[in-house]
Amino acid sequence: MDVPLFRPGSDPGSSFVELLRAVDHPQSSQQLGQGTLDAGHATTVLAIRYADGVVMAGDRRATAGNLIAHHAIRKVFPADRHSGVAIAGAAGPATEMVRLFQLQLEHYEKVEGTELSLDGKANQLGTMVRANLPAAMQGLAVVPLFAGYDRRRSIGRLYQFDVTGGRYEERDHATSGSGSLHAGTVLKLGFDEGLNLDAAIELAVEALYYAADEDSATGGPDPIRGIYPVVATITTEGFSERTTDEVAAAFERLQGRLRNRNRSDYPAPRDQP
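In this text, residue positions in the sequence shown follow numbering that gives the first Met the number 0: the first is 0, and each later residue adds one.
Wrong hints could be hidden among the right ones.
Claimed, not checked - Across the chosen pairs, the derived CB separations fall in these ranges:
hint : residue 1 : residue 2 : range
1    : N122      : L257      : 37 to 43 Å
2    : T184      : N65       : 49 to 55 Å
3    : H69       : Q254      : 22 to 28 Å
4    : E236      : T113      : 17 to 23 Å
5    : T126      : R170      : 19 to 25 Å
6    : R252      : E95       : 35 to 41 Å
7    : G119      : N195      : 25 to 31 Å
It should be emphasised that the hints constitute simulated quantities derived from the structure, not laboratory data. Each residue gets a CB set at the ideal place from its N, CA and C atoms; glycine is no exception.
Whenever a hint applies, use it, and build me the whole structure from the sequences.
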């Protein structure tokens, strides 16, 4: 087989998928083309460290291309008693990965008689993300967030991943998904060392609100259907999901603040002559 040569400007670079396309390989469009499967995708999730642990949150929308595939998908799950995982990416593989991850942690605890360390849990999840890489090359990427309460160090900790399974511990907050840029900006501007629980929930709600305002794949609050983002806390007492009423009240307070801000920031409309 001859080594393919490319003219300047047509070099596919380091992408193996683009190389196959450039040489018209039959698998380039059948198996490896990113986005060839119109599967449902989960979008924006986030985690914030606060004084007593970690707050995790995720919107409820799943998309398939330019369509809304589901209005009320769940993206935040308990991994075990003292940790949680939030999914972003292809919804089907991500949900399956969470279920297998939960099973593996439960199996380890039954065999060893103790929980796996938080770093060990993050490493295990990273291995599962890396094993999904062939599917990611077909457009079925899974990029979760993982967080938990480290009882050995008495502190909440959180981790980000990349599509190859790389694990990166973040100090204060982390985001993933299509609206992560906008949510991350809100978290960066609003985070303060030693946030209490109420302030952390308010910040998470605000980050998801602005992500939904800028990213069409991220769902905002839906009071008509009673659908609100899932918000959970992880502390020394374990994983606990906040009630829908609590989250709805936090959104109402945010919207009240925004209404007052908009009244003062914009001039009143004038009658046209």
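Here is what the structure says about each hint:
1. N122 / L257: 37 to 43 Å: At 41 Å between Cβs, range holds.
2. T184 / N65: 49 to 55 Å: Hint violated: Cβ distance 25 Å, outside 49 to 55 Å.
3. H69 / Q254: 22 to 28 Å: holds, 24 Å
4. E236 / T113: 17 to 23 Å: With Cβ atoms ~18 Å apart, the hint holds.
5. T126 / R170: 19 to 25 Å: Cβ of T126 to Cβ of R170: about 23 Å, so the range 19 to 25 Å holds.
6. R252 / E95: 35 to 41 Å: Given range 35 to 41 Å: holds, Cβ gap about 37 Å.
7. G119 / N195: 25 to 31 Å: Given range 25 to 31 Å: holds, Cβ gap about 30 Å.
Hint violations for this structure: number 2 only, all remaining hints satisfied.
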